[in-house]
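Engineer: Heads up: the protein sequence lines correspond to chains H and W, in order.
For the first sequence, my numbering begins at -15 and goes up steadily by one.
For the second sequence, my numbering begins at 4 and goes up steadily by one.
It is possible that part of the hints are untrue.
What follows is a set of in silico ranges between Cβ atoms, one per label pair, in the way DEER data are often shown [as the list claims (entries may be wrong)]:
no.: 1; chain 1: H; residue 1: Arg380; chain 2: W; residue 2: Ser40; range: 24 to 32 angstroms
no.: 2; chain 1: W; residue 1: Asp114; chain 2: H; residue 2: Ser61; range: 44 to 52 angstroms
no.: 3; chain 1: W; residue 1: Asn158; chain 2: H; residue 2: Asn412; range: 36 to 44 angstroms
no.: 4; chain 1: W; residue 1: Pro48; chain 2: H; residue 2: Ile114; range: 52 to 60 angstroms
no.: 5; chain 1: H; residue 1: Ile(-11); chain 2: W; residue 2: Ser40; range: 29 to 37 angstroms
no.: 6; chain 1: W; residue 1: Lys124; chain 2: H; residue 2: Ile114; range: 56 to 64 angstroms
no.: 7; chain 1: H; residue 1: Pro7; chain 2: W; residue 2: Phe26; range: 14 to 22 angstroms
no.: 8; chain 1: H; residue 1: Glu148; chain 2: W; residue 2: Ser85; range: 52 to 60 angstroms
no.: 9; chain 1: W; residue 1: Ser95; chain 2: H; residue 2: Glu502; range: 40 to 48 angstroms
no.: 10; chain 1: W; residue 1: Gly148; chain 2: H; residue 2: Gly110; range: 50 to 58 angstroms
Pairs of lysine-lysine, DSS-like flavour, derived with a Cα cap of 30 angstroms [what the hints assert, rightly or not]:
no.: 11; chain 1: H; residue 1: Lys33; chain 2: W; residue 2: Lys79
no.: 12; chain 1: W; residue 1: Lys149; chain 2: W; residue 2: Lys136
no.: 13; chain 1: W; residue 1: Lys149; chain 2: H; residue 2: Lys62
no.: 14; chain 1: H; residue 1: Lys213; chain 2: H; residue 2: Lys118
no.: 15; chain 1: H; residue 1: Lys33; chain 2: W; residue 2: Lys149
Honestly, the hints are just simulated from the structure, not real lab data.
The beta-carbon is built from N, C-alpha and C at its ideal position, and this holds for glycine as well.
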Amino acid sequence: MSSDISYVTYTLLAVVAGLIFVPVFLDGEPDGPPMALLQQSSVGPTRQKNESAVHRSRETPVGFPLRQGLGIQEGYSKRNGDVRDIWRVFMQKIGQLHTILGNDKVVHSIDTLDAEIDTLGHYISGLPTIEGRKVVAVYLPNSVENLVAGFTCAFYDFTFVPIEYPAEPEVIADKLRMTNAEILIMPAASLDINDLNVATLLKHVILVVEEGSRHLDFAADPDAKVTLKEWHDIAANGHKTPRPEKIDESLPHMVVFSKDVKLQKNVAVSYSHVNIVAAVSAQATAPAPKDQFQSIDVFTPAATLADQFCRIITYTAMLSGCTIIINAVTPPSGSLQSSCANAVPSIIVVPADSLSAIGRLSKAAQVELFHEWMHIYQLRKLTRYGQVPRHSAFARFNDYDRPNLGKSLRLIYVAENPAEGTTPISCNMLNDLRAIFFSKVVYALTYPPAAAGAITQTMSFDYRPGEDTKTFKDSHLGAPLSCIEVKLRDAGGYTVDHTDGPMGEIVIAGPSVTSSGEYATGIIGRWRSDGCLSMGSKA
Amino acid sequence: MEAQAPAVTEAVPLVTPLNLILFSLAAYLIYMRFKPSPIPTIAAPEPIVFTTYTPRTLVKYNGTDDPRILLALKGKVFDVSSKPMFYGPGASYSIFAGRDASRGLAKGVLDQSLLTPLDQKLDTLEDLAADEKETLQGWFDQFVGKYLVVGELVNEGEEGGAIEKQ
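For reference, chain H alone in the conformation it holds in the complex (with noise of 0.2 angstroms):
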């Protein structure tokens, strides 16, 4: 028997020793517990004849209050606060304002920014308009002026609206003349004001003008028939009025344009303080607890802050006090990575078309069997071991095209927007998305004139592959935030009796619903057995 032990069976021995040890000590723990996926919203346990259960977030089951606020600590109690607590919130832990432009990074003073919310808050009050609650339109790239103009906006109780950069003349007139704004902030000489004047209320422009530039004198147009005042000028100026003690926060605090999928045209939502804040403490507890934004993050919104979706992330970066980064180029007019230059961001936010056109040509870069060998690997680690794929020399050996976003990056949030008509992003490209950026992704339904911020979105670790059905494409989009609960209703040939799980009319309610009851978006999704809403075709 001693002769049959050779080479050969000490070999044998050596391998299967290492199946056995090596997975043991190499494999790694899953970014998630795999359980926590098979059950991802609470379900409520009766519902009505024609309506699926309601299904809410497992932080706030059925039969507990949603998540109305920030609970800001006031003394022994809590309140749930408004926007202007988030820039409170902001100051008070340290959080950074950076500009990228182009090579140059430039530091902004937070202090300064607080005290230029005081003088354009000061400018604006002593406007003469016709309105008794002012409107102030913001028509500005990304830029620290956006924010601040915002964050003026909740301090002196004016109605803010941003406007999309850049954009046609009409374009922003239709939005003034919804709006019924009197006040516009723009960049100076980005537009002919006598072309917005036509038809609309605006009488005053505030003109934002780059450092640069500033021996030009822009407000002094002979032509004018609005009064031209230059943002450094009332900067300069230093008048400042105490802030109101109170505002009323049921009053439209932003309004954003968005189509209607039931009217079939535009129409100017308005977002109360309520809504807002609702959406942002829901949105900061949303991702799993090592995923959530941590005052070290540094975020880039990588798409337009006229956009609520990276609005609110941008406000949630800033309630955990991160380093927000801002690049005036954003897709999808510029590059994924010229937006993110020079930032090094480890949280972004990506227009939903943008990042899967990126997704589309960085697969079809991968001409190599090398990358495809990687690639599949990857998605190996992601799928099977619930894992997202780590920055390595091997990784990115003799690499494909791809955006490269620095070493840091780690969550990208992105949107699906039933209202633009976006394309659903599908579990499988989600995670070619996640072996190509290395980093994590959340897919989020939002729908704006329904709800501020996100109604469902996936969890951070869900790497799961695709489901496919017979109506609905291999794509979810999660479980409902925290702030909301989210129920189907029979609509259009779709039944919430279906075998396939219930399917219908997407029905929501909560503190970030616009509407005050039940708002029916017109919008068809079909519940998983795992909690998770999928998207189907419109109604």
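Here the structure of chain H is known, so what remains is to put chain W in place on it, guided by the hints.
Structural biologist: Relative to chain H, chain W alone:
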């Protein structure tokens, strides 16, 4: 003198029982590593459909004719199946199973005479004394916290209206 055996180099035995066992073990481990794993699912309980009951349709949910035990309180129908030791057949409160328990609980009396007969209109409870109303509200709050509201109780012939209202 015996002839010495010639020193031959012995061929390495490749197929031996030990090698075969080790080889199949290695093959099994590799198979287990690459085997596609199905995504597990857990079956969640089906939500109960909120239903409109009349005294006649409710009466069968008494734990005997139907395993579910329901009872009505102030127009709401509660599912008390989780506590058969109170409301099950033969238990102390079993007379309320499948019936409108409002008057009985308000007065704190377990008596058939306090149950509204099935062919009569629903009890409006207007003649109760203030302390009885308070007791009833106490019971109601306790029930809301403990049991599921699975429907509402209406008069016969009114159940269509309740559905149309939605």
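Engineer: The structure should be examined with respect to each hint, and the outcome stated for every one.
Structural biologist: Comparing the hints with the structure gives:
{"no.": "1", "hint": "H:Arg380 with W:Ser40: 24 to 32 angstroms", "in the structure": "holds (29 angstroms)"}
{"no.": "2", "hint": "W:Asp114 with H:Ser61: 44 to 52 angstroms", "in the structure": "holds (48 angstroms)"}
{"no.": "3", "hint": "W:Asn158 with H:Asn412: 36 to 44 angstroms", "in the structure": "violated (56 angstroms)"}
{"no.": "4", "hint": "W:Pro48 with H:Ile114: 52 to 60 angstroms", "in the structure": "holds (58 angstroms)"}
{"no.": "5", "hint": "H:Ile(-11) with W:Ser40: 29 to 37 angstroms", "in the structure": "holds (36 angstroms)"}
{"no.": "6", "hint": "W:Lys124 with H:Ile114: 56 to 64 angstroms", "in the structure": "holds (60 angstroms)"}
{"no.": "7", "hint": "H:Pro7 with W:Phe26: 14 to 22 angstroms", "in the structure": "holds (19 angstroms)"}
{"no.": "8", "hint": "H:Glu148 with W:Ser85: 52 to 60 angstroms", "in the structure": "holds (54 angstroms)"}
{"no.": "9", "hint": "W:Ser95 with H:Glu502: 40 to 48 angstroms", "in the structure": "holds (41 angstroms)"}
{"no.": "10", "hint": "W:Gly148 with H:Gly110: 50 to 58 angstroms", "in the structure": "holds (55 angstroms)"}
{"no.": "11", "hint": "H:Lys33 with W:Lys79", "in the structure": "holds (16 angstroms)"}
{"no.": "12", "hint": "W:Lys149 with W:Lys136", "in the structure": "holds (20 angstroms)"}
{"no.": "13", "hint": "W:Lys149 with H:Lys62", "in the structure": "holds (29 angstroms)"}
{"no.": "14", "hint": "H:Lys213 with H:Lys118", "in the structure": "holds (17 angstroms)"}
{"no.": "15", "hint": "H:Lys33 with W:Lys149", "in the structure": "holds (23 angstroms)"}
Consistency note: the structure conflicts with earlier hint 3 alone.
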